Amino acid sequence: MNALIRESAADFQIVFDDPWRIAPEEEAARQSLPKGAWLYPLALWQKEEALIRARGEAFGLWLYPDTPPAALEALKARLADFAVIALDFPVFTDGRAYSLARLLRERLGYAGELRAVGHVLLDTLLFTRRLGFNAWAMSERQKVEDALAHLQSLRQSHMMRHPYQ
Amino acid sequence: MYRYNPDDLALIRERAAQFRAQVGRWRSGVLRDDEFRPLRLQNGLYVQRHAPMLRVAVPYGMISSAQLRRLASISRRYDRGYGHFTTRHNLQLNWVRIEDVPDILDELSEVEMHAIQTSGNCIRNVTTDPLAGIAPDEALDPRPLAEILRQWSTLHPEFAFLPRKVKIAISGSVEDRTLAWYHDIGLRLDSGDKEPPTFSVLVGGGLGRTPLRAQIIRRHLPWRHILSYLEAIVRVFNLHGRRDNLYKARLKILVQRLGLAEFSRQVDAEWAHLKDGPATLTEERYQRIAAHFHPPVYRTLAPQAVQPAAQTHPDFARWLARSVHAHKVPGYAAVTLSLKAPGQAPGDITAAQMESVAALADAFSFGEARIAHEQNLVLADVEQGRLFELWQAAQKDALATPSVGLLTDMICCPGGDFCDLANARSTAIAHAIQTRFADLDTLFDLGEISLNISGCVNACGHHHVGNIGILGVDRQGEEFYQITLGGRQGSAARVGKVIGPAVPAARVADVVSGIIAVYRRERRPQESFLQTFERIGSAPFKPCLRADDAKQHAGAVA
Ligand code: SF4
Chain A
1 MNALIRESAA DFQIVFDDPW RIAPEEEAAR QSLPKGAWLY PLALWQKEEA
51 LIRARGEAFG LWLYPDTPPA ALEALKARLA DFAVIALDFP VFTDGRAYSL
101 ARLLRERLGY AGELRAVGHV LLDTLLFTRR LGFNAWAMSE RQKVEDALAH
151 LQSLRQSHMM RHPYQ
Chain B
1 MYRYNPDDLA LIRERAAQFR AQVGRWRSGV LRDDEFRPLR LQNGLYVQRH
51 APMLRVAVPY GMISSAQLRR LASISRRYDR GYGHFTTRHN LQLNWVRIED
101 VPDILDELSE VEMHAIQTSG NCIRNVTTDP LAGIAPDEAL DPRPLAEILR
151 QWSTLHPEFA FLPRKVKIAI SGSVEDRTLA WYHDIGLRLD SGDKEPPTFS
201 VLVGGGLGRT PLRAQIIRRH LPWRHILSYL EAIVRVFNLH GRRDNLYKAR
251 LKILVQRLGL AEFSRQVDAE WAHLKDGPAT LTEERYQRIA AHFHPPVYRT
301 LAPQAVQPAA QTHPDFARWL ARSVHAHKVP GYAAVTLSLK APGQAPGDIT
351 AAQMESVAAL ADAFSFGEAR IAHEQNLVLA DVEQGRLFEL WQAAQKDALA
401 TPSVGLLTDM ICCPGGDFCD LANARSTAIA HAIQTRFADL DTLFDLGEIS
451 LNISGCVNAC GHHHVGNIGI LGVDRQGEEF YQITLGGRQG SAARVGKVIG
501 PAVPAARVAD VVSGIIAVYR RERRPQESFL QTFERIGSAP FKPCLRADDA
551 KQHAGAVA
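For the record, the sequence lines run as chains A and B. If you use this note's numbering, the first sequence closes out at 165, no skipped numbers anywhere. If you use this note's numbering, the second sequence closes out at 558, no skipped numbers anywhere.
So here's chain A without its partners, still in its complex pose:
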């Protein structure tokens, strides 16, 4: 897995030892899930919320692009419990997560880490940054240093202009 870039108060940082991994969906693997930082796919979370909470460790949510917005709305009151919400981009041209991100930030008030994972390119940082993403697990072939520099350059960018301005 590539290193992560995370926005922190004043800047962006490269995180080389990010612990978050997607939790296995197979029952057997989960029975023996070691302690750790797990991102639970939504379906799994819906099924096993109590068990997951009982583990007594921080947990995250993993969202595939076909997540129904209503399922997120149903979670509204508990969204703040997730240390991380990861939105998956199987290909960078799948823009559904863009709408999901906006819902999470604007409508559901999620203020924690919103992470782009999967086919995350330099070229989509502009859009994801504007939509409130604040962490990026860059695509394998993308140099993280370049991505970091790009994010920093976006701070001054006029392309960040708000569409309602």
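Treat the hints as calculated values from the structure; they're not laboratory data. This list has only true hints and no planted wrong ones.
Which stretches of chain B does chain A cover? Using the computed rule of at least three CB atoms under 8 Å from a CB of chain A, they are:
| no. | segment |
| --- | --- |
| 1 | 12-22 |
| 2 | 30-38 |
| 3 | 150-162 |
| 4 | 233-246 |
| 5 | 273-285 |
Pair ranges (Cβ atoms, derived):
| no. | chain 1 | residue 1 | chain 2 | residue 2 | range |
| --- | --- | --- | --- | --- | --- |
| 6 | B | A261 | A | A74 | 20 to 26 Å |
| 7 | A | E145 | B | T282 | 40 to 46 Å |
| 8 | B | R97 | A | E145 | 29 to 35 Å |
| 9 | B | H220 | A | H162 | 26 to 32 Å |
| 10 | B | A261 | A | A70 | 14 to 20 Å |
| 11 | A | L51 | B | R49 | 58 to 64 Å |
Looking from chain B toward chain A, a few residues come up when the C-beta cut is under 10 Å (computed):
| no. | residue |
| --- | --- |
| 12 | P6 |
| 13 | D7 |
| 14 | D8 |
| 15 | L9 |
| 16 | R25 |
| 17 | N121 |
| 18 | C122 |
| 19 | L227 |
| 20 | E270 |
Since the structure is predicted, the reported quantities are computational estimates derived from the model, not experimental observations. We put the beta carbon where it would ideally sit given N, CA and C, even for glycine.
Please arrange chain B with the ligand on chain A, whose structure you already have, making use of the hints.
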């Protein structure tokens, strides 16, 4: 017209720089072809049959003389000295080199132009009426809202990667000149002098493989809520439009699949959250943008009912009858500069013609021109007293072909000469028909007929809505053409009917001659082609497709 402020300028410059970097990363192998493709498309760059093609945006069709001159010099320097105007206010350069595109974009940015979102699965260039701001039947100039839509849709982060493209048209007049019924989203001003103005929102229209007329999803939408309502529509599309099948991905297919009632329910559910939010337009913002579109300083002129020169110059009289349109302001007229001269592919314009149009715009129309949906140019603000002078000047560069609205004022896509997707060489068919119907007396006798040609089902030539529609199809590697009749644009827009099996390329002009012969035989006095077709239906026209019938008209000068 709208002038960029420093932020607008900085934005398109940065976008050009970003594209330059993307080209560099692609050339060095960092970006794979499949990654670069959607990125270049979002910047209007196609890779076509012979060469890459760059589609430059002319937002809602407004263009200045300085911009035209720059396009002329760009087309000479980086292309082969001409360009092609499409039906949606874009100029296509057909012979560019990918490595030159960043420089072209830099040059474009110097005159406040760009190629942002002229292709790709995003919100495309917003289109409107070429007579915006001057048409007597207009209640509200749609350009300020079109500009607001341009700003809103440009790099809109949520809608950068939609299931498929979204085309929006906006119209503020009684008669629709934007083809709003066949856009993904059409906005039509409601009639009556309502204050504040309200719009009817049409959704799910489109031509292409599955032609569908839009349906009215909402009436009386106050102008302030346009952006929030469009966001609700596009969000529902973004989340639920199909992404697994290119041919089923358009908004029209989603609306058809869900049904208007369910689609509308989902849009309303979204809109309930967005309405009155930050997307709501303010009077202040509207006025700030509208100030760019204030009318030019017209002179106080007496309206001129007759043109004395028309008595002595019958050619001028013909041009007046076809190319000159009514204007809100007494003493002024709008003039179409035709790009349908014989021998010229419809919509093609040479660099010299671009410069002539620029000179004519400066001399006659406050330095501005518009691109019309019919692939012609329009000078919007010409003094009636100077029409003769304009006609004389426009003739020099073949911009005064007096066939506007007549059979040879065809809409035609670039087709097989350029386009990768083409089944057929649409421009060759256009040429054959132009040659066949070169006689002006005949054309004037036939009156208004629209003829549209597309080289494949993608329908860039809008063949479905031509009174006569011609569609290139592939029959075992041979170019064939399917003929439809009865399509129309405007407020009562609808698609035509296929009248029978497709015919080979060599017979198309004969078939059109046959169709015209049937019209002449059957028409009643004063009856237009469309009216005759309505009255007699398609049956009398069907025999025109037969080889023996077509033979009768072979080579006939109609
Ligand atoms: S209609 Fe087909 S052939 Fe013509 S320009 Fe469009 S895609 Fe190309």
